[in-house]
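Following the hints, put chain L in place on chain V, whose structure we already have.
Just so you know, the protein sequences line up as chains V and L, in that order. When you line the first sequence up against the working numbering, it's residues 4 to 300, in that order. When you line the second sequence up against the working numbering, it's residues 5 to 189, in that order.
A few of these clues could be false.
[As the list claims (entries may be wrong)] Beta-carbon label-pair distances, calculated as ranges:
#1 Ala42(L) <-> Arg63(V): 44 to 52 Å
#2 Gly82(L) <-> Arg207(V): 24 to 32 Å
#3 His8(L) <-> Ala178(V): 51 to 59 Å
#4 Pro205(V) <-> Asp86(L): 27 to 35 Å
#5 Ala38(L) <-> Gly165(V): 46 to 54 Å
#6 Glu92(V) <-> Gln39(L): 41 to 49 Å
#7 Arg183(V) <-> Gly82(L): 33 to 41 Å
#8 Arg207(V) <-> Arg182(L): 46 to 54 Å
#9 Arg50(L) <-> Asp211(V): 53 to 61 Å
#10 Lys144(V) <-> Cys119(L): 32 to 40 Å
Just so you know, the hints here were simulated from the structure itself, not pulled from any lab data. Cβ coordinates follow ideal geometry from the N, Cα and C atoms, glycine included.
One letter stands for each residue in the lines below.
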Amino acid sequence: MTIVLAVPASLDEHTFEQVLDQLAAAPADAKLLVDARHTKWSSPYGLASLLCLAQSRAERPGFTLPEESDTLSYWARAGFFRHAEQLFELHGHVPRGRQGESNVLLDLTPITGSADVHEVVGRIQQKAAQILTQELGLDPKATVGFAMTLSEVCQNIVEHAGRGGWVMVQTYKWARRLGRRVVQIAVCDAGLGFRQSLESLPGRIVDDRWDDAAALEEAVIKGVSRHRDRGRGQGLAGARRYVGRWDGKLSVRSGTARIAIVPSWDDDPPLAEKLAPFAGSQVLVTIPERLPPRDEP
Amino acid sequence: MMQHIDVSSMLHQAVACDLYSNLVTRPTGAAVRAQIQALVGAVPDRSLTVIDFTHVQMIDFSCADEVVAKLLLPYSHGEAADDSYFIFRGLTEDHWDAVEAVLERHGLALLVEECGGAAPRGVLSPEARAAWEAVRALGAASVDAVAARLEVSRERAASALATLRQQRLVMCAEGMYRMVAAARG
Chain V
4 MTIVLAVPAS LDEHTFEQVL DQLAAAPADA KLLVDARHTK WSSPYGLASL
54 LCLAQSRAER PGFTLPEESD TLSYWARAGF FRHAEQLFEL HGHVPRGRQG
104 ESNVLLDLTP ITGSADVHEV VGRIQQKAAQ ILTQELGLDP KATVGFAMTL
154 SEVCQNIVEH AGRGGWVMVQ TYKWARRLGR RVVQIAVCDA GLGFRQSLES
204 LPGRIVDDRW DDAAALEEAV IKGVSRHRDR GRGQGLAGAR RYVGRWDGKL
254 SVRSGTARIA IVPSWDDDPP LAEKLAPFAG SQVLVTIPER LPPRDEP
Chain L
5 MMQHIDVSSM LHQAVACDLY SNLVTRPTGA AVRAQIQALV GAVPDRSLTV
55 IDFTHVQMID FSCADEVVAK LLLPYSHGEA ADDSYFIFRG LTEDHWDAVE
105 AVLERHGLAL LVEECGGAAP RGVLSPEARA AWEAVRALGA ASVDAVAARL
155 EVSRERAASA LATLRQQRLV MCAEGMYRMV AAARG
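Just chain V, with the same shape it has in the complex (with noise of 0.2 Å):
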């Protein structure tokens, strides 16, 4: 029996949800098709979700590809389908894209070991100084904390997911939501997930009260680590404060909830709980273009 998931018209953080509430409807051996034929937009964490949805699949799910031709071509440029072919059993004809586009910082790249963290941060540098200064108005400081807070994300995957996982780094015009343009980091696996890694922390209490709301809890927000090194968490701590000091919004998926540092141009909740489950984590960094100050009336 195969169940089909239809992929929402736009995808990003919130309407991939839609995608794991058929996912939880479905039966883990259950062979699964992934529907994108409506499919006209994604966000970077919208495709790297996608893949991370493959992973962690027993079975290779089938995946439709988008009727539209621009959706495809920018699929491909984002490197979508050179990583999707490898985990989806693909229906449609796959473009041969060109990489380099302009507002994709950086393509879907897989991150398995540090040697990848090393590869991403250095391949972003010059271009995420030029794109956050000159197309977001940030200050130049700015570019530094940027590749920190891709690097500390990255090493997410590698210290904790168990397995590997995906990042994309990209630019677009929120036009509806905020007017402005932004950048976003999303780093994706279908790996561990934080209540599980810090579930192997020696002597944790797993009571009535741990769940991956909990966990996520500590993990972001207290910056506790499985490691019992008192120099551990500082990853991801260091992330919040990047988004504080710019404006940005991090929000931190895993298992069954999401955590979020919301800035005042957000609405989201800053917890939500009892989403369907997923597995592994997946991170998003939002920074958003400076406005210009207003003149005093």
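Chain L in isolation, oriented as in the chain V frame:
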């Protein structure tokens, strides 16, 4: 003995690649620190090591924890037997974001090379900071001299100086406390 360590060169050796100039990831930081510790440990007597970040483009929190904090922790905890001192050179504001965060996390201080010589940065009590300033002003100073200058009891001065000595922020020989200073070059 004084030695100079170019962290960028250590990084290239650690990752076996000349293309990377960023100190990122824990394994990289641990490898760089191991090389620094090997060089420091090879010196039998008192040593001063200048740890030079001039050619390091960026350092992240994890790497700062491995390279800087874990290098200093054994001294701060009184677990290191060797008489080693460190001055950090070429730390920019960008590096400092990560380094300051790990110093605060562990309650550590270090000496940073500035125009007027080395100066302590990081977590240091007001008394210890005042004692450090007193040693700088006096050149070489006994506990009594520092106590007199700060107008505190001998015990309090001794305690502050012992903290500075343990954190390798001042040197001590024959009862006299001195600044840690490196020649440029």
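Results of checking the hints against the structure:
1. Ala42(L) <-> Arg63(V): 44 to 52 Å: 48 Å, holds
2. Gly82(L) <-> Arg207(V): 24 to 32 Å: Distance hint for glycine 82(L), arginine 207(V) holds at roughly 30 Å.
3. His8(L) <-> Ala178(V): 51 to 59 Å: Holds, at about 54 Å.
4. Pro205(V) <-> Asp86(L): 27 to 35 Å: 32 Å, holds
5. Ala38(L) <-> Gly165(V): 46 to 54 Å: 25 Å, violated
6. Glu92(V) <-> Gln39(L): 41 to 49 Å: At roughly 48 Å between Cβ atoms, glutamine 39(L) and glutamate 92(V) fall inside 41 to 49 Å, so the hint holds.
7. Arg183(V) <-> Gly82(L): 33 to 41 Å: About 53 Å separates the Cβ atoms of arginine 183(V) and glycine 82(L), which means 33 to 41 Å is violated.
8. Arg207(V) <-> Arg182(L): 46 to 54 Å: 48 Å, holds
9. Arg50(L) <-> Asp211(V): 53 to 61 Å: Roughly 57 Å apart at Cβ, these two residues keep to the hinted range, so it holds.
10. Lys144(V) <-> Cys119(L): 32 to 40 Å: 22 Å, violated
Going down the numbered hints, you'll see the structure goes against 5, 7 and 10, while the others check out.
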